[in-house]
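Residues per chain are reported as follows:
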Amino acid sequence: MVEFSVWQILGNLLLAARWTVALSLLAFAGGGLVGLSLLVARLRGRPGVATAVSAYVHVFQGTPLLIQLFLAYFGLGLFGIDVSPWVAAGGALTLYASAYLAEIWRGCVEAIPRGQWEAADSLALDFGEKLRHVIAPQALRIAVAPTVGFLVQVIKGTALASIIGFVELTKTGTMITNATFRPFTVYACVALMYFALCWPVSAFSRRLERSMRRDH
Amino acid sequence: MTIETPFAIVDIRQLRKRFGSNEVLKGIDLDVRRGEVIAIIGKSGSGKSTLLRCINGLEEFQDGTLLVDGQPLKHGDAKAMRELRQHVGMIFQGFNLFPHLSVGRNVMLAPTLVKKANAAEVDATARRLLARVGLAEKFEAWPDQLSGGQQQRVAIARALAMQPSVLLCDEITSALDPELVGEVLKVVESLADEGMTLLMVTHEMGFARKVSDRVVFMHAGRIHEIGPPEQIFGAPGTPELQQFLSSLH
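Those sequence lines, one after another, are chains A and B. Everything in the first sequence is counted per our numbering, starting at 19 for the first residue and increasing by one. Everything in the second sequence is counted per our numbering, starting at 413 for the first residue and increasing by one.
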């Protein structure tokens, strides 16, 4: 048994939290890009695309994130592809986030009245112009709350990456517990860290929503 | 390409439109001459709005041809549709202003993007058109700060900013409080006086009688009767039209 003071525990967890943040940002940026591409492809309305995108979304929404992580980490290994925990966790979380974001944002676009599309159509705007100048600015405002809500889910979801050996907040907590045998103290600190990450994000979302309402 | 009637700005031949197995337009023939004002009347479900929405491609039709300014309407050809829609303006029952843009930017959006006109010119045109519909001082206002009648007049200015050859009006006063109907109709009447080609689906029979050159009575997906307003309203030739007109009183 090694003696750690609470400050040492917090210090180590704080260092590990960097990787939780990095993984969350990666998942969110990657997932945002892929999700947006999926949404635009779907809105373009080429035959078959909507079905394909919807199948993709269902696969990722219908299976546990943990299993997706296992498949990315161990599954690819079966094919002789050696993946590091970083690549597996980053890849799996990106795909997972992309499916959810594509679906969340589709809902936001569908909340825009059909008349807005028709008015843009009748003014001869092309698909990209309609999306960029008419639909997206309105959908964006609706999207803030659910998007940030999902970002908080992703931050908490990165904890699962600890199981495939990715050393982030939760994994570090487990490692310190194994050394100190003080699980309650350590995991309480871990929980506090997650809260310290998630709460400001939610607070920022509330502020953003308010300010967007004000200046139209 | 040969155009049979040289003055037809909208030329519709044997237009058929189905929603699934339900045929809502059963072979429409209609020529609209430049500068002509046409009112389309009929019961709800008679196909009048659908016909109007076919003219700028908001609805696809399955059979027949539709020419605007001699150019055939081709669904699925994005470039041809963009070209055609620059000739056809549309005003909706629900105004459909863009709520995230100021009144001025609502009017300026399409000319800036589609016509690539320069900013100063677009700005000047927008101010002139807003003045024309009596809303010069609302350039900086937001759509939700305006009354329904004002919003509809902005929508008219927005459509005019694209310099259309034809303006389609789809029950544009139906969503308005009665006291606001007049201000919108006055603007439409002034457009008619200035020679704009207008096709309007309307329930305002007095207005249709006053400004239109021809009235189209639609019934069950067909043009049931067509003629000058004196004839349609004064001497309806079919029992369906007689019944429709008497149901209004």
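Please keep in mind that the hints were generated in silico from the structure rather than gathered at the bench. Glycine residues also receive a C-beta, built at the ideal position from the N, C-alpha and C atoms. The reader is advised that the hints may include incorrect statements.
What the hints assert, rightly or not - The following residues of chain A were derived to be distant from chain B, with all beta-carbon distances above 10 Å:
1) L31
2) L33
3) F88
4) R124
5) P131
6) G133
7) A137
8) A138
9) A142
10) F145
11) H151
12) P155
13) R159
14) Y205
15) M211
16) C216
Said to hold, decoys possible - Here are some, though not all, of the chain A residues that point toward chain B, as calculated from beta-carbon distances under 10 Å:
17) Q134
18) D139
19) D144
20) S220
We went through each hint and held it up to the structure:
The Cβ of L31(A) sits about 43 Å from the closest Cβ of chain B, beyond the 10 Å cut-off, so the non-interface label holds. Every CB of chain B lies more than 10 Å from the CB of L33(A), the least distance being 43 Å, so the non-interface label holds. Taking the minimum C-beta to C-beta distance to chain B, about 44 Å, the non-interface status of F88(A) holds against the 10 Å cut. Consistency note on R124(A): stated as away from chain B, and its beta-carbon is indeed over 10 Å from all of that chain's, at 19 Å minimum.
Distance check on P131(A): its Cβ comes as close as 8 Å (rounded) to a Cβ of chain B, failing to clear the 10 Å threshold; non-interface status is violated. Remark: the non-interface label on G133(A) conflicts with the geometry, its nearest Cβ contact in chain B lying 4 Å away (cut-off 10 Å). Non-interface status of A137(A) relative to chain B is broken: a Cβ of that chain comes within 10 Å, the nearest being about 4 Å off. Listed as outside the interface, A138(A) is inconsistent with that label: its C-beta sits roughly 8 Å from the nearest C-beta of chain B, within the 10 Å cut-off.
The Cβ of A142(A) does not lie farther than 10 Å from every Cβ of chain B; its closest approach is about 4 Å, which violates its non-interface assignment. Separation of F145(A) from chain B is inadequate, the least Cβ-Cβ distance of about 7 Å not exceeding the 10 Å criterion. The non-interface label for H151(A) is inconsistent with chain B: the shortest C-beta to C-beta separation is roughly 6 Å, within 10 Å. Not every CB of chain B is more than 10 Å from the CB of P155(A) (nearest about 5 Å), against its label as outside the interface.
With a least CB separation of 8 Å from chain B, R159(A) falls inside the 10 Å interface cut-off, contrary to its annotation. The beta carbon of Y205(A) is kept farther than 10 Å from every beta carbon of chain B, the shortest such distance being approximately 46 Å. For M211(A), the condition that its CB be more than 10 Å from all CB atoms of chain B holds, with the nearest at approximately 38 Å. No beta-carbon of chain B is positioned within 10 Å of the beta-carbon of C216(A); the least distance is around 30 Å.
Checking Q134(A) against chain B by beta carbon gives a least distance of about 6 Å; that is within 10 Å, so the hint holds. Because the closest C-beta pair between D139(A) and chain B is about 6 Å apart, less than 10 Å, the hint holds. Evaluation of the D144(A) hint against chain B yields a held restraint, the C-beta minimum of about 6 Å falling below 10 Å. The closest approach between the C-beta of S220(A) and any C-beta of chain B is roughly 25 Å, which is over the 10 Å cut-off, so the hint fails.
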